[in-house]
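Protein chains in written order, with my numbering: chain A, 15 to 395; chain B, 15 to 395.
Some hints here could point you the wrong way.
For chains that are exact copies, the list does not tell them apart, and a pair is met inside one copy or across any two.
[What the hints assert, rightly or not] In the DSBU-like style, the derived pairs of lysine-lysine whose C-alpha atoms are separated by at most 30 Å in a straight line are:
1. Lys-58 - Lys-294
2. Lys-79 - Lys-209
3. Lys-294 - Lys-255
4. Lys-79 - Lys-255
5. Lys-209 - Lys-302
6. Lys-284 - Lys-302
7. Lys-58 - Lys-133
8. Lys-100 - Lys-342
Since the hints were made in silico from the structure, they are not lab data. Since we're looking at a predicted model, the values are computed, not measured.
Number of protein chains: 2
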Amino acid sequence: MEGQNGKQNKKFSLLKIVLLLPLIRFGSVVVAKPRTAKNLQVQKGLPFKIALFADLHFGEDAWTKWGPLQDVHSTKVMSSILDQDKPDFVIYLGDVITANNIPIANASLYWDQALSSAKNRCIPWAIVFGNHDDAQFTWPLEWFSDSGIPPLKCSSDISLSSGEDNCGFMGTTRLQLINHDIGSKTLSFSQKGPKNLWPSVSNYVLKISSSDDSESPVAYLYFLDSGGGSYPEVISSAQAKWFNSTSMEINPDSRVPEIIFWHIPSRAYKTVAPSGEIDKPCVGSINKETVAPQEAEYGIMNALEARSSVQAVFVGHNHGLDWCCPCKKFWLCFARHTGYGGYGNWARGARILEITEQPFSLKSWITMEDGSVHSHVSLKS
Amino acid sequence: MEGQNGKQNKKFSLLKIVLLLPLIRFGSVVVAKPRTAKNLQVQKGLPFKIALFADLHFGEDAWTKWGPLQDVHSTKVMSSILDQDKPDFVIYLGDVITANNIPIANASLYWDQALSSAKNRCIPWAIVFGNHDDAQFTWPLEWFSDSGIPPLKCSSDISLSSGEDNCGFMGTTRLQLINHDIGSKTLSFSQKGPKNLWPSVSNYVLKISSSDDSESPVAYLYFLDSGGGSYPEVISSAQAKWFNSTSMEINPDSRVPEIIFWHIPSRAYKTVAPSGEIDKPCVGSINKETVAPQEAEYGIMNALEARSSVQAVFVGHNHGLDWCCPCKKFWLCFARHTGYGGYGNWARGARILEITEQPFSLKSWITMEDGSVHSHVSLKS
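Make a model of the complete structure from these sequences and hints.
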């Protein structure tokens, strides 16, 4: 554990960003086609800071007083942290919305609300999906009793030739959400991954480049879709192969550090979880529940372990956990429950990552809604 | 229990049918607007026969050899029974398809296959939905392992402006299915009920009219949507009120017998279920599992009990039950598992209803795939 002051007064600046996607697959060979339209670049002499917003769960119980109010609270949490930490980049670590609570045909309204704090500050972002983002609407049983169904906002379903109202609420798909995220905002770095990985959509890699040379990578950020919602909670064998081939293609000698983001902890998290107090080598402040891992392990952990360049994995999903623990060659970390949506009343906050380029270092801490900071940890120094 | 020969050589004839829907609700008053385009009418001197096809579960495991083969078997069951009993009308009693097994964007392909036996014989039909008909596709976990996802038939999703393939399989909604059922076939008597009952869609009433007078009702057939799939397994308070107001409107003095159809047994079925052998007053041949009832009771049973005209309720859902038992003033009956799809290996068959007009009588038996008949019961004589 290493002390680190999260309250830096670094001026926010414009970013130059290089995207490595789209990755086009020819047979089993993945060819990275670099695009230079956007550039994610370290500023000379400054660390590169990332805020992880996990489990915002916007759109819960929109038909009650409690629901919309908690989204207001969540926006305050994010605004406070963004104004304090002034990150260069935000990663929305899944469960941005609680789609299974959203009784409208298009959930992108709530998606926009959840992302407005970063957008309003011109801070770029990327997303990975959680298990609630494209979940089908769950009708409350009590709506069928005498108290009845509250007034609903049903929209015309263009797939019905008659144009009649559709209150089916079958959900907004991952593709619809990510197209919405990418389409309308130049600040979004989200990508939809190769089609052969679908229904798993949020699989892509971003490069942070050196302050001296926008072509020279400081780190690769890998986003993997850990499923849930419309399909099982799992990282597929195909995704593991995609990670393998992509990383071998763009970072063959493992010289460039790699940092990994997805939503649902892999089963390996269970093996390193503290049993009670969070003691060294683990670092964190809450260990209030058992790890709720993915349904199966189909090779991603072996793929990560095979690369000396992998530094850490960051996940959300468990609102009552915020620890980092080492696991063999790299760290397994939880973010911190950021939203007032979702279960649990533990105080809200966000995990912050800080990357330096020469020498490369990766440090992290948690900034709370009230401005306090804790759980500083050096993940690579 | 009363003997009844199910093998009648009655010639199939054209039907005249009167539809009572659409029912238009003005405030709390339901006004029935009779339509005369179709007429469901008893033939002079002949009983009116209805075949109940329950739990066909078309479209299961379409990616295996076993899946399509069982749909062929189900079609044989229906064809055999239709050729033997020569019913005037077919009622598809829910779980026509297993939508949660159908990895294509539009499940109506399987819907058409399931209904082809009646359609090919020019026998009219009506449907109620079961809990599998609009269920969301459930991705098998093993598809994400090394064995991978089998080739899928993804269709263009018109709601995505980019027109890219969509393998989201969020399901085909009840509205889409019933529009398909009604739209393309003059033989379909299915109706979508009042919008204020949605997401519950298959709520409507059909009249069987007298051989002497097409305006004079012999019986009313009520179809109620017992939910499941995209929303809870329940008949709502609003549906119970709709039944109340509709039946009071069109049959105020309870003079005309009423017969009720839905998919999932109400909780009252549990109270009359035989504990082991099926002894009198119950009649049936299999009692192999416990009743799997709706999630709640919101008034439909009280509404039925309040009317002396209600004769019987017919449900599917439990594949291992085929009994009828009296419950207070009327009968609660299971149909018989007709499809090779769905759980259970009990021999397949169909419950047949036989209605006479003067005097009114309602008899029933079960015809099996092999032509044998059993479980004759007089439900009203």
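Each hint tested on the structure:
In this assembly of identical chains, the alpha carbons of Lys-58 and Lys-294 never lie at most 30 Å apart, being 34 Å within a copy and 89 Å across copies at closest. In this homomeric assembly, Lys-79 and Lys-209 come within 30 Å of each other (Cα to Cα) only across copies, at 26 Å, whereas the closest approach inside a single copy is 40 Å. Within a single copy, Lys-294 and Lys-255 get their C-alpha atoms no closer than 33 Å, and across copies no closer than 63 Å, so neither meets the 30 Å cut-off. With identical chains, the CA atoms of Lys-79 and Lys-255 are at most 30 Å apart between copies only, with a shortest distance of 29 Å across copies and 46 Å within one.
For the homomeric pair Lys-209 and Lys-302, neither the shortest alpha-carbon distance inside one copy (38 Å) nor that between copies (46 Å) is at most 30 Å. Within a single copy, Lys-284 and Lys-302 get their C-alpha atoms as close as 14 Å, which meets the 30 Å cut-off; across copies the closest is 41 Å, which misses it. Proximity of Lys-58 and Lys-133 under a CA criterion of 30 Å is satisfied intra-copy only: 24 Å inside one chain copy versus 74 Å between copies. Taking the shortest Cα distances, Lys-100 and Lys-342 never come within 30 Å of each other, neither inside one copy (32 Å) nor across copies (71 Å).
Of the numbered hints listed earlier, those contradicted by the structure are 1, 3, 5 and 8.
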